[in-house]
Every structure is written in C-alpha cells, then in structure tokens.
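Number of protein chains: 2
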Amino acid sequence: MPEAVILRWGHRSRDERLTTHVALTARALGASGIILTDVRDEKIKKTIDGVVTDWGGPFFFRMGTPWKMVLKKWRAKGDMVVHLTAYGENIQTSDVIQRIKTTEKDVLVIVGSRKVPSEFFSSEISDFNVAVGNQPHSECSSLAVFLDKFFEGNELERRFKKARLQIVPQKHGKKVVSKSKV
Amino acid sequence: MPEAVILRWGHRSRDERLTTHVALTARALGASGIILTDVRDEKIKKTIDGVVTDWGGPFFFRMGTPWKMVLKKWRAKGDMVVHLTAYGENIQTSDVIQRIKTTEKDVLVIVGSRKVPSEFFSSEISDFNVAVGNQPHSECSSLAVFLDKFFEGNELERRFKKARLQIVPQKHGKKVVSKSKV
Numbered sequence: 001m002p003e004a005v006i007l008r009w010g011h012r013s014r015d016e017r018l019t020t021h022v023a024l025t026a027r028a029l030g031a032s033g034i035i036l037t038d039v040r041d042e043k044i045k046k047t048i049d050g051v052v053t054d055w056g057g058p059f060f061f062r063m064g065t066p067w068k069m070v071l072k073k074w075r076a077k078g079d080m081v082v083h084l085t086a087y088g089e090n091i092q093t094s095d096v097i098q099r100i101k102t103t104e105k106d107v108l109v110i111v112g113s114r115k116v117p118s119e120f121f122s123s124e125i126s127d128f129n130v131a132v133g134n135q136p137h138s139e140c141s142s143l144a145v146f147l148d149k150f151f152e153g154n155e156l157e158r159r160f161k162k163a164r165l166q167i168v169p170q171k172h173g174k175k176v177v178s179k180s181k182v
Numbered sequence: 001m002p003e004a005v006i007l008r009w010g011h012r013s014r015d016e017r018l019t020t021h022v023a024l025t026a027r028a029l030g031a032s033g034i035i036l037t038d039v040r041d042e043k044i045k046k047t048i049d050g051v052v053t054d055w056g057g058p059f060f061f062r063m064g065t066p067w068k069m070v071l072k073k074w075r076a077k078g079d080m081v082v083h084l085t086a087y088g089e090n091i092q093t094s095d096v097i098q099r100i101k102t103t104e105k106d107v108l109v110i111v112g113s114r115k116v117p118s119e120f121f122s123s124e125i126s127d128f129n130v131a132v133g134n135q136p137h138s139e140c141s142s143l144a145v146f147l148d149k150f151f152e153g154n155e156l157e158r159r160f161k162k163a164r165l166q167i168v169p170q171k172h173g174k175k176v177v178s179k180s181k182v
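Protein sequences, first through last, are from chains A and B. Letter by letter, the first sequence follows residues 1 to 182 in the working numbering. Letter by letter, the second sequence follows residues 1 to 182 in the working numbering.
Just so you know, the hints here were simulated from the structure itself, not pulled from any lab data. Mixed in with the good hints there might be a few duds.
The list makes no distinction among identical chains, and a pair is therefore deemed to hold if it is satisfied within one copy or across any two copies.
[Claimed, not checked] As a list, the in silico DSSO-like pairs of lysine-lysine whose alpha-carbon atoms are at most 30 Å apart:
1. Lys101 to Lys175
2. Lys72 to Lys162
3. Lys115 to Lys45
4. Lys46 to Lys115
5. Lys115 to Lys179
6. Lys161 to Lys174
7. Lys43 to Lys115
Whole structure, please, built from the sequences with the hints as guidance.
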C-alpha cells in the first residue's frame, strides 16, 4: 500500500489553527506524517504529538526543513509529488487519481496556504496538479477528499497503534474507552 | 436531488478563518448554503458573498438566528438533521450514509467548532451522528468528506451560475477565464 506524506508550505504564525487542522486531517485520513517546511511552530508540534500520544499512531510531525530540500530527498527516492490546487486537473471529471494510483508509488502531497510560487505548478516540482473541484477552497478539505479518494475510504477504518483513548462509535451519545498501551 | 444546508454552531471571533474555510468547503462541495447560528460575523459574510459574486452560485450565507430556531424550522419541514462528530457512526464501516440517502430528504448538517452541548447527540436534535473516522479531526475536513459521499462526487463537477471567473483545469500551470454574467 503506497504511503502519503504531506508537505505544508507557506505557514505563518497566524495560520496556527488552520495548519493544526491540516495536520489533524492528515492523520485522520491516513497520511504517514506531515512536514511543515521552512519554519518551525512548536505549539502545533506539541498539539499533534499530544494527539498521537492519546489517540495513537504512527504519525510524524516534522518542521523547519526548507521545502526544496524535502522535495530533493523525495525525488531521490523516485516517488511522486502531487500538488493540491484549484487550478489542477479535476479529481472527479479527469482520470488523475487513477493515473496517480497506477504508479503504485508513495506520494508527497503539497498543501499550500497562501499564494504559492508558480514553479509549484511546473513538472519540475509536481508530477500531478490535482483540484478537488475547480473552485475556491479550503486546503483542509482538499486534502481530506484527496486522501479519502487515494486510500479509497479504507483509511477511515484504520486502527491506530499505542492509543490511550479509543472512541466506540454510537448512534447517539458519546463513548470513549481508555486503554493501557499495547 | 436532496439538498444540504450547513449549520455552523459555536463560532467565536477567533474562529474567523476556520469558519470561512467551513463556508468555502460547503460551497465547493455542493451545499446550498450555510447558516452561522447565534452570532454575526460581517467579515466572513463579505468574504463569502464576494466569492459567490466572482465564482458563482447559488449559495447563501446567513447568520445570527438562534440554533434552536433554525432546527425548529427545519424540523417543521420534516427534513433530516445530521450531526458531524467523531463520536458518531463511522461513515466507512457503517451503513449510515446509505440510511441517510434512503430517506431522500434534504439534510441540515450541524458542524460544531468547540465543545458542543450534549443534547446535539440526542435523537431530539440529530437523526444521525456521523463520524468521518472516529479520530480527532477538523470540522472542515469532516464536512468535505461527508458532502463528497452524500453527493457521490457529482458536486465536484457542478457548474456554478452567474460566475465572473472560471478555472480551466490544467495539468500544469494556471488558467482562469473571465466571463460576462450569464
């Protein structure tokens, strides 16, 4: 099963909550981890690491590496790069998701936050530019729908390891069980 | 085709960007509109109305009505209420989405932001409690995946009306055309 790793580009301190949501989305929708490039944000790292401690993993949060270096290392492995953008190929009306999956390679998913450099759209950077609908959008939502289609929904039944807490789904009400670490 | 309307509960001024993302998600993923209950936020309304002016609609943004009144009016129509929560029935492992769709009714989708009142989970408020995975999550992402499954992906090829701007999907690069209003 190919893996997905998220590259979060363009984070500024005012984006703290949004980037936290992008990271929670990445984890909940089956990505292996997220790399906050170019900058560091200890508060988000603490939040996400805390979620992994309580709710399980594996899921990594890394930060500070320049995006070009992350790309270079990824390229050296021969894996794919997907750039999520409203300007790209429509995930519903094109065959882009099939073409990505056919490669059977791991994907690095670039998620911008503010205006991204135009080189992100070029074939030197991104093998695929994918649009979750060609409309103004939220990067959290685009990432969620992309991962859900990439993993074909199976990510939503993933069992996280070493979880302290686990939800028992209910039609009405809330149920959470605490578990000893396994 | 049943419609979806979003009820955003618990918005505070610090949530401005997140609620904007929830509203953008609602529009991009096929909802008819969003109601920000209990409070008003003129800045978000201006942003979303601007998106509709540029990129088309129909899509409404309403605000300020108490949530109980929104619910009461919705119930009076006999339509369904879906509460998105990590504690609910798993959208992937249960048949909840089929049960919702079988009703063939419009859905009001409750999206919380902070800790929601426990009554939201009760059958008096929500016909269905739906979890997009039973993990800590982003409300933007949960909404996106829920709407994508509710509309079966068709929402991503929707043509918006009276759009001034339209993206022409590209494998690489960006292309936007300006149109006169139709």
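Earlier hints that do not hold, by number: Number 2 - this is the single hint that the structure violates.
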